[in-house]
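Participant: Each chain, letter by letter, is given below.
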Amino acid sequence: MSVAVDVKTLVIDGINVSARADQTVLEVARENNIAIPTLCHLDGLSDVGACRMCLVEVKNSPKLFPSCVLKVEEGMEVTTASPRLKHYRQTILELLFAERNHICSVCVSNGHCELQSTAQSQGLTHVCLPYRNPSLPIDASHERFVLDQNRCILCTRCVRVCAEIEGAHVWDVMGRGIDSLVITDLHDPWGESSCTRCGKCVQVCPTGALSDKSKFGSDHPKYPETVSYLNMMREER
Amino acid sequence: MPTYPMPPLPSDDKRWKIVNGTMRRHGFARNALIETLHTVQSSFGFLDDVAIRFVAKSLHVPLSQAFGVATFYNHFSLKPAGKHTCTICLGTACYIKGADNLMAAAEKRLKIKAGHTTPDGNISLMTARCVGACGRAPVILEDNELVGLVEPQVMLEQLERWAAHD
Amino acid sequence: MTSEELVQVAETVTAERQAADFEVNVCVALGCLSQHSDKLKDALCAEAVASGRNCRVRGTGCMGLCAAGPLVRVGKPAEAAAQTLYAGVHEADAREVIESLGNKPVERLEAHLDTYFHGQIPIVLENSGYIDPEKIDEYISRDGYQALIHALTEMDPQSVIDQIAKSGLRGRGGGGYPTGLKWSTVAKAVGTQKYVICNADEGDPGAFMDRSVLESDPQRVIEGMAIAGYAVGASKGYIYVRAEYPLAVTRMTSSLQQARRRGLLGNNICGTTFAFDIEIRLGAGAFVCGEETALIASIEGMRGQPRPRPPYPAVSGLWGAPTLINNVETYANVPTILRKGAEWFAGIGTEKSKGTKVFALTGKITNTGLVEIPMGMTLREIIFSIGGGVPNGRKFKAVQTGGPSGGCIPEEHLDLPISYEALIEVGSMMGSGGMIVMDDTSCMVNVARFFMEFCMTESCGKCIPCRAGTAQMYQLLTKICDGRATHADLELLIDLCDVVKNTSLCGLGMTAPNPVLSTLRYFKHEYMEHIEHQHCRAGVCACGRKPANELALAGVTA
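Heads up: the sequence lines are chains Y, S and X, in that order. Just so you know, the first sequence maps onto residues 305 to 541 in my numbering. Just so you know, the second sequence maps onto residues 4 to 169 in my numbering. Just so you know, the third sequence maps onto residues 38 to 595 in my numbering.
Careful, some of the hints might be misleading.
[Claimed, not checked] Each computed BS3-like pair below joins lysine-lysine, with the alpha-carbon atoms no more than 27 angstroms apart:
#  : chain 1 : residue 1 : chain 2 : residue 2
1  : X       : K389      : X       : K377
2  : Y       : K504      : S       : K60
3  : S       : K111      : S       : K86
4  : X       : K538      : X       : K389
5  : S       : K17       : S       : K86
6  : S       : K82       : S       : K114
7  : X       : K225      : Y       : K375
8  : Y       : K375      : Y       : K312
9  : S       : K111      : X       : K113
10 : X       : K516      : S       : K116
11 : S       : K114      : X       : K516
12 : X       : K273      : Y       : K367
13 : Y       : K363      : X       : K432
14 : Y       : K390      : X       : K538
15 : X       : K273      : X       : K225
16 : Y       : K367      : X       : K538
17 : X       : K389      : Y       : K367
18 : Y       : K367      : Y       : K390
19 : X       : K113      : X       : K172
20 : X       : K538      : X       : K516
21 : Y       : K375      : Y       : K390
22 : S       : K116      : S       : K82
23 : X       : K225      : X       : K389
24 : X       : K561      : X       : K432
25 : Y       : K312      : X       : K538
26 : Y       : K375      : X       : K538
27 : X       : K172      : X       : K377
Hints are computed from structural coordinates only; laboratory data are not their basis.
With the hints as constraints, model all of the structure from the sequences given.
Facilitator: As structure tokens, this is what we get:
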């Protein structure tokens with residue numbers, strides 16, 4: 305008997321769930337209203353497993369796996385929340401807050417920031433690590449948008465949306481390690497680059513690193529959900 | 004082989020033909036980027052915007068992606084090197100054998116930090132993360148020539164010789 | 038080439054060698070070359086001609102003892118074991134050396150290294166120093182390519198994999214993954230195009246085993262890769278060499294050409310339907326590219342950033358195809374295993390760690406160089422017997438293995454028989470083979486900080502724990518070295534070690550805390566001395582130095 309659609313059953317946080325064979329643990333968890341924090345993941349973009357926020361425990365393995373790329377397997381037993389995972393997620397957030405200069409009170413994304421809301425949902429109240437206070441530039445050369453490196457968490461959503469959805473691949477990352485920076489073209493000012501002005505990168509950016517100049521002094525909610533619709537429409541063609 | 008319009012060679016400089024040769028040998032495949040940047044680095048001594056743009060356009064690689072690759076790897080330099088280069092190996096064996104003293108002495112004498120060139124463009128001071136000659140630690144490279152079991156005095160004498168030939 | 042043709046070539050080469058009364062072998066690998074052994078070779082040639090004696094001067098690969106170079110071995114061609122080894126030979130000594138042939142050896146140049154070579158079992162290094170690495174025929178004359186021809190003509194791919202599995206060979210790059218299992222995974226993976234990659238990035242500072250093999254016996258690696266290609270069903274191989282090894286790149290390039298000319302690479306190898314060729318790809322100075330998925334990204338022409346695993350390269354690797362990645366040393370073992378048999382190999386070593394391992398013995402040790410020892414030999418024997426102990430009357434403190442992913446092993450574990458498991462148990466790891474000896478002039482906190490700085494600057498930047506975590510840990514270690522740290526800083530450091538170790542994306546981040554954890558395990562007193570008394574007992578760190586009796590008054594417990 306042939307199997308048309310491969311279906312798997314697994315256990316997440318003690319709950320029995322079913323999944324298609326090609327789904328990730330994150331997808332299935334969200335379908336079943338089990339919350340797993342993410343930062344670099346965005347529906348509609350490829351997953352890179354970079355931020356390590358979505359790490360889950362899998363029974364019979366000492367390792368932790370990023371649920372955004374972990375494909376489901378029959379009989380898998382996954383734990384998405386535990387004191388250990390909570391501590392790791394909080395430390396990763398602390399590392400981020402201490403890495404660059406995230407000052408919510410003067411940021412245009414205050415109240416609409418995924419870094420902020422994730423910290424709140426993870427119960428982060430203090431940053432115990434020393435702040436690095438690096439000196440980072442702002443690029444306001446673009447007529448509509450601003451890049452503030454101080455607020456960037458190097459999630460690379462901007463790189464991926466520009467490469468995969470817009471197809472222009474204007475953004476990429478230069479340098480290595482903690483000195484990495486997102487740049488346009490040959491580290492040209494954004495306004496002078498091959499940017500098509502579509503604005504998708506601003507919409508997918510989880511923080512105030514990429515922002516719309518017209519939103520200064522007012523609210524700056526973002527609408528990254530459009531990306532998964534764009535993707536769907538392209539795939540249908 | 005490419006079916007999109009190819010950029011012209013940036014100038015009459017014969018070295019561009021060598022760079023083009025590397026790309027041709029790889030069928031102008033996108034994955035030839037690093038090999039080609041190697042050719043540019045060894046032909047010109049560094050990668051400038053013109054070179055990166057030429058290679059990126061020839062291989063149909065986005066500019067930012069090419070720039071990202073060029074700046075990721077230690078071997079590629081975006082700045083021209085000095086007339087002479089002194090590379091001090093900071094691998095573990097060399098470090099245990101006193102490479103940090105060599106580095107301190109060199110920085111003091113040249114009045115520049117590692118990774119930079121003297122203002123007159125004469126001498127560049129670089130670090131290497133192990134050139135694999137640990138049996139002769141501590142090791143330095145004087146213009147690509149390997150010198151082992153180096154005492155600070157010996158290295159400083161070579162730096163003096165280079166400085167004197169200004 | 039057929040088996041008979043190989044034998045013919047071997048006989049020709051051997052006959053040529055034996056036609057000379059004497060041979061003078063000069064090491065022209067990197068260590069000795071840097072001391073102008075090429076000029077020495079020319080001088081010896083000139084003297085040989087001038088003397089009118091029937092002797093042949095040739096360049097060979099590494100003879101092992103790099104610190105004592107340039108090395109020259111002389112004697113009768115037929116009596117390899119009885120040949121005399123000279124150390125520290127220079128151009129001016131050329132005439133004396135030639136005149137000494139057949140007579141009393143030159144005493145002041147003679148290297149008395151019986152203890153150095155005693156106990157070593159050369160498999161990977163069996164040809165190093167005995168053949169001219171730039172002549173494929175010399176490799177053939179020492180049973181080279183017999184294994185490949187035998188595999189292609191008399192074995193099927195599964196039998197080859199079975200032999201490797203039975204031998205117990207484990208990845209020599211550091212992970213120690215069972216090689217036979219890896220090969221069989223790639224063989225079974227679905228895909229019409231498969232690849233074989235040789236990881237010659239050798240990023241561990243303090244390790245130069247792979248460089249030496251590539252410079253001294255390159256054909257061996259080619260043969261190993263071709264056998265692997267046959268076993269897993271791959272038609273294309275890549276050797277990813279780091280840019281810092283230009284001599285290895287040149288030698289390997291010419292070796293590949295020679296192999297092609299002899300029909301040992303390309304289409305219809307040895308008259309069979311097997312086609313396999315190898316291309317060299319250059320690294321460009323990134324330690325992270327030693328990691329399998331980052332290496333693949335680099336060959337694909339991109340930034341060398343690792344990818345989450347699963348999927349593993351064996352199933353989906355280079356350009357999404359099933360890819361076998363093994364270290365240089367792993368491939369170098371393959372021809373000998375097939376020639377001498379899996380049982381023979383499995384007879385060497387311990388129960389779970391079979392065969393030999395090449396170590397680069399460096400640091401504060403008398404005999405610096407490459408050694409190939411059977412698994413199970415103790416650290417004490419390697420360091421004090423083969424290595425000749427710590428020079429200048431200083432006291433042994435620790436031996437560092439595994440590079441920036443490893444740890445420091447103190448005196449109490451010197452009688453440890455070397456194996457993958459044993460090294461992990463004491464808080465270190467096998468790694469690629471770097472073995473750095475430290476004496477009491479090394480500060481262990483400073484050493485931990487050195488490795489953390491390395492990991493921080495080599496971090497690719499993709500994942501947060503490694504990118505930001507190593508930077509924070511480096512800052513904390515600097516604070517401790519400078520005598521500005523508190524106990525709370527140490528607690529924070531230990532906590533960060535746990536987070537970075539368990540949440541990082543790839544091996545670089547996961548093992549970056551190891552040097553800190555291992556030095557804390559055995560040398561916590563040094564950390565406490567830095568924190569509580571701003572004292573560095575080795576006299577290395579920037580913190581204020583207090584004399585020992587003041588410490589005693591303060592009641593410090595070591």
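Participant: Evaluate each hint against the coordinates.
Facilitator: Comparing the hints with the structure gives:
Taken as a hint, the K389 (chain X) and K377 (chain X) pair is honoured in the structure, with Cα atoms around 20 angstroms apart against an allowance of 27 angstroms. For the suggested pair K504 (chain Y) and K60 (chain S), the alpha carbons sit about 25 angstroms apart, so the restraint of at most 27 angstroms is met. Between K111 (chain S) and K86 (chain S) the alpha-carbon distance is near 19 angstroms, which keeps this suggested pair within the 27 angstroms criterion. In summary, the hint linking K538 (chain X) to K389 (chain X) is supported, as the alpha carbons are separated by about 26 angstroms, within the 27 angstroms threshold.
Taken as a hint, the K17 (chain S) and K86 (chain S) pair is honoured in the structure, with Cα atoms around 21 angstroms apart against an allowance of 27 angstroms. Straight-line distance between C-alpha atoms of K82 (chain S) and K114 (chain S) comes to about 19 angstroms, which keeps the hinted pair within the 27 angstroms bound. Straight-line distance between C-alpha atoms of K225 (chain X) and K375 (chain Y) comes to about 20 angstroms, which keeps the hinted pair within the 27 angstroms bound. Restraint check for K375 (chain Y) and K312 (chain Y): satisfied, since their Cα atoms lie roughly 10 angstroms apart, inside the 27 angstroms limit.
Simply put, K111 (chain S) and K113 (chain X) have alpha-carbon atoms about 53 angstroms apart, too far for the 27 angstroms limit, and the pair is violated. This hinted pair checks out: K516 (chain X) and K116 (chain S) have alpha carbons roughly 22 angstroms apart, not beyond 27 angstroms. Taking the CA atoms of K114 (chain S) and K516 (chain X), the gap is near 26 angstroms; set against the 27 angstroms cutoff, the hint holds. Straight-line distance between C-alpha atoms of K273 (chain X) and K367 (chain Y) comes to about 33 angstroms, which puts the hinted pair past the 27 angstroms bound.
The hinted pair formed by K363 (chain Y) and K432 (chain X) fails the criterion: a straight-line CA distance of about 47 angstroms is larger than 27 angstroms. Using a Cα cut-off of 27 angstroms, the hinted pair K390 (chain Y) and K538 (chain X) holds, with the two alpha carbons roughly 16 angstroms apart. Between K273 (chain X) and K225 (chain X), the direct Cα distance comes to roughly 17 angstroms. Compliance with the 27 angstroms bound is thereby established for this hinted pair. Taking the CA atoms of K367 (chain Y) and K538 (chain X), the gap is near 10 angstroms; set against the 27 angstroms cutoff, the hint holds.
Of the supplied pair hints, the one linking K389 (chain X) and K367 (chain Y) holds, its CA atoms being roughly 23 angstroms apart against a limit of 27 angstroms. Taking the CA atoms of K367 (chain Y) and K390 (chain Y), the gap is near 16 angstroms; set against the 27 angstroms cutoff, the hint holds. Of the pairs offered as hints, the one joining K113 (chain X) and K172 (chain X) holds, with about 20 angstroms between alpha carbons and a cut-off of 27 angstroms not exceeded. Of the supplied pair hints, the one linking K538 (chain X) and K516 (chain X) holds, its CA atoms being roughly 21 angstroms apart against a limit of 27 angstroms.
Proposed proximity of K375 (chain Y) and K390 (chain Y) is supported: the alpha carbons are some 22 angstroms apart, at most 27 angstroms. At roughly 15 angstroms between alpha-carbon atoms, K116 (chain S) and K82 (chain S) fall within 27 angstroms of each other, so this suggested pair holds. Distance check on the hinted pair: K225 (chain X) and K389 (chain X) sit about 25 angstroms apart at the alpha-carbon level, within 27 angstroms; holds. Between K561 (chain X) and K432 (chain X), the direct Cα distance comes to roughly 19 angstroms. Compliance with the 27 angstroms bound is thereby established for this hinted pair.
Between K312 (chain Y) and K538 (chain X) the alpha-carbon distance is near 31 angstroms, which puts this suggested pair outside the 27 angstroms criterion. With a CA separation close to 23 angstroms, the supplied pair K375 (chain Y) and K538 (chain X) stays within the 27 angstroms bound. The hinted pair formed by K172 (chain X) and K377 (chain X) meets the criterion: a straight-line CA distance of about 24 angstroms does not exceed 27 angstroms.
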